[in-house]
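Using the sequences and the accompanying hints, generate a full structural model.
What the sequence shown shows, in my numbering, is residues 4 to 998, in sequence order.
Incorrect hints may have been included.
To be verified - Straight-line Cα separation of at most 25 Å, DSS-like style, residue types lysine-lysine; simulated pairs: (1) 885 - 928; (2) 209 - 62; (3) 737 - 691; (4) 928 - 834.
Unchecked claim - Between beta-carbon pairs, the in silico distance windows are: (5) 763 - 863: 16 to 26 Å; (6) 420 - 241: 23 to 33 Å; (7) 358 - 481: 41 to 51 Å; (8) 105 - 556: 47 to 57 Å; (9) 497 - 863: 41 to 51 Å.
Please keep in mind that the hints were generated in silico from the structure rather than gathered at the bench.
Treat the numbers as computed from the prediction; the structure is a model and nothing was measured.
Ideal Cβ positions, reconstructed from N, Cα and C, are used throughout, including at glycine.
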Amino acid sequence: MRLNTEFIRLPLAFDAARLASEIRALPEVAWQPHPEGHAGNAALPLMAVGGDPLNNGVKGVMQPTPQLHDCPYLQQVMSVLQAPIGRTRLMRIDGRAEASLHVDVNYYWQQHMRVHVPIVTDPAVQFICGGQALHMAAGQAWVFDTWREHNVINPTHLQRIHLVIDTTGSAALSALLAQGGRPTDPQAPAMGPVRTVAFEPGARPKIWHEVDNFPVVMSPAEQQTLFANIQAVLPSTNSGEALRAEVAGFFDQWRQLWDRHQSAPSGWRAYADLLESTGDRMGRLRSSVTLSNGVDGAFAVQQILLAPALNTDLAERVVPSVRGAQTRFDRPVFIVSSPRSGSSLLFETLSQAKDVFSIGGESHALIEGIEALHPAAHQWHSNQLGSADATPEVMQELASRFATATHDREGRPTADRDSFRFLEKTPKNSLRIPFLRAMFPDAMFIYLYRDERATISSMLDAWRSGHFVTYDLPGWRGTPWSLALVQGWRDMTGMSTAEVAVRQWESITRTVLDDLQTLPPDSWCVASYDQLVAHPEQEVRRLSQFVGLPWDRNLTAPLPPSRHTLTPANPDKWRANAAEIEPLMHLVSATAERARALFAHEPLRRPPTPVAPVAPAPMPAAGPHPATVHPMPTPTPSAAPAQPHDHQDFRSVHTTSLPQLLNELGASLLVTTYQSGRLITLRADGPKLNTHLTYFPSPMGMAYDGNRLAIGTLQAVWDYRNMPDVASRLHPNKHDGCFIPRNMHVTGDIRVHELAFDAGGELWVVNTRFSALCTLDRDHSFVPRWRPSFVTALAAEDRCHLNGLGMRDGTPTLVTALGSTNTPEGWRHHKAQGGIVMDIASNEIVTQSLGMPHSPRWHNGQWWLLESAKGTLITFDPATGKTQTVAHMPGFTRGLAMHGSLAFVGLSQVRESVFDGIALSQRLKPEERSCGVWVIDLNTGNRVGFIRFEGIVQEIFDIQILPDLRYPEVLEPDADVIGGSFVLSDEAMKDVARD
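Here it is, written out as structure tokens:
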């Protein structure tokens, strides 16, 4: 808030020692880095939006955080002001640090003053405001002019802590200000008597917290008042006058809208359009005029007048009902793409089709004005919406909003139509395809493809322009969040704006591709931005024909720029940002390749780009090795359609030692996760770890013999062969193996578990459902070869849960089971300690009383297995039955691959019903259980690396190490590359035509 002096000391005194004791009792974990990222600065929220200490926003109902409940004297101090309390925090500055010189340029600060109560400080600490410096002593209370440049410098080695209270003021506070001291104003009267506010044990005074701090639609009167503060420090130069004229024109248009709509939803679209167009013009005035307080004039207008002028998320959620609104929409058409792909140009062109209706722009306010659809209702996860969000109430309200606001190309409403064709383009809808399809089962989608470099460069320009800010995110530091909100945005904190834009594009595009592939092929099509610009008539007619819109107009190139265009179109415009985005393009190459190969024509002047890994982003260290986290990329262009995910995702965290180990071994890993339907290939790409996903229905056991790869799935066993020549076609300098399906043997649902090749190349299968070891032939589902002596018949009853197969010198030698029972699923009653190991040759139990044993392996001259119920890796001696624990791990151990002195162990979180009554549930709480692959040093039992899966992946079954392949590819059965790959005998090769 602007004051007529730099500082005012309030005539109040508090017990700083008592306040300090309450602060010392607060946990260190409650302190957070400064929201703006100032080094050496930290904050502890006491009053926050919704009482959420992680929400650093200033818009919304303020409530006490849990930390304030534990501080009675702090509550008493706040209540003394007798004013509504806004965001309030403890602010800490480390020794030898400062707050940074700045001006508070924000609507919030035009309305609020900051009351500082120093608690822990030193006489050397200086508060600077408007060029004046002083020390605020412990226990005092101060306010200062936030509209002037200010800073705090702590030259000592001690921490400085202030209580900082934001408030709009009150009559009582105004009286305190009038009696306060003004140390930098020599003409000011002396400060009035100081009132000491002592701690009152047991007193819990009422604190008035802010409820209404931003307008739904700002009134013209408030705008005039706010601009008066800017005018007071706006120089009378040509640039200053240009800024005044621009604001005056904006005020005239805003008042016209206000007179028609005031805060009603009917005006929201027009208000938003006016703000956007004014923001664009204001952006061109940036850096042209500087206010006397050092702030850019155009930036001040954007932050104080434009950004806070429309807040539909705070509106009452009431709109007029349109009877049967939802049923009136006939095959609505949604344009989806990543932001800045040219979708506005396509929308504005298609909206000229005959008898098509639209709202004339983007639907941010209409959609997010429904509380359940705003990201705040989803804990700020993202803009993603799934089918579960399409409740009857939400669908009716949104359909009513759309129907009320739509008009055709002549401006006519839909009121007299029983049904109508609707066209919609809001970039955030790219993250809402499942929701839109659930709401409109006959919806059609047009995916607009544009070269990723041009799109990302335009996104970066949008971020920097300040015109596309969408949210004031809790805890976000850096450039205000712009464009669509993607999942994982919190992990992007601290990244450069360029990297945020790159990751944002990748997340949105990957989600669009995943979701579209779940839809019927006749419900969506692809549009080419290049074709739209070069041949608009041809492209628009093609799209109109597909979605069934009548087109009766002639188009010529070039099309006029869309309203959202920042600069004129130019295919090489992206090169202006090339130095920043090119080094980051490896983060998106897999998704970009997938978009090109599966959906779009090769972009103009764009050479083929190989698939590359998603690079890890920093995470806190785990164990002895630093860890990295990254989203797991969806399948590359060889992939089959992805399965629906509806907010579920793949993420992983890994130690940097894991790719190092794989590099040293010259190996890669295959991991099956039946619960999420994926085979995961882990491979080192230099110092990074690449995680590649291949879809199979419930993949379980695997077997590898150096060339063949067998994969057991829900009802079949797949037989893959490594084809190095095909690998060279994928990427000659990266892929050294490519597994292509050769055969599929349908077994039926036998609950296949482990697989193994014997010395003669025959595949052995653990048939869990029939409690037997089997092999396969061409005529039968399976051929039973062995079953435990206590299982009296072949029956599909899973009598003992036979699961693991141990091979020694190429011979099936041992098996594991969860019980020695002969009744349907009888093993479940004794799972905690009923596990056994059996010798196949003698058909005798050699080790028993184990906790759910899995994965027996002969390695380095001894037997190893996993005692899953205990989360351990153990050795055992079949001759004596003795076991010895080698390592404990934080999960249900299942899946074991060994190489040299290392064991690669699978960990699962698994279902609570599995954990019921087992030892692991006593050792680990649910939140402490991990899913992933742990690497154990067999000599010491220490963990030397890991990858932890998060999101949808919760259970691992098997792990195979490929010791001779560094970067293999496992293709899905219907991958495109298979269609052009053939294996012929040497004899047949003689007859192949040669060029």
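Here's how the hints hold up against the structure:
1. Using a Cα cut-off of 25 Å, the hinted pair residue 885 and residue 928 is violated, with the two alpha carbons roughly 29 Å apart.
2. Taking the CA atoms of residue 209 and residue 62, the gap is about 22 Å. The hint holds against a cut of 25 Å.
3. The straight-line distance between the Cα atoms of residue 737 and residue 691 is roughly 13 Å, inside the 25 Å bound, and the hint therefore holds.
4. A hinted pair counts as satisfied when its Cα atoms are at most 25 Å apart, and residue 928 with residue 834 qualifies at roughly 19 Å.
5. Roughly 24 Å separates the CB atoms of residue 763 and residue 863, a value that falls within the hinted 16 to 26 Å.
6. Distance hint for residue 420 and residue 241: a CB-CB separation of about 52 Å, inconsistent with the stated range 23 to 33 Å.
7. Separated by about 46 Å at the C-beta atoms, residue 358 and residue 481 satisfy the suggested range of 41 to 51 Å.
8. Take residue 105 and residue 556: their Cβ atoms lie about 52 Å apart, and the range 47 to 57 Å holds.
9. Between residue 497 and residue 863 the C-beta distance comes to about 44 Å, which sits within the given range of 41 to 51 Å.
The structure fails to meet hints 1 and 6 from the earlier list, while all remaining hints are met.
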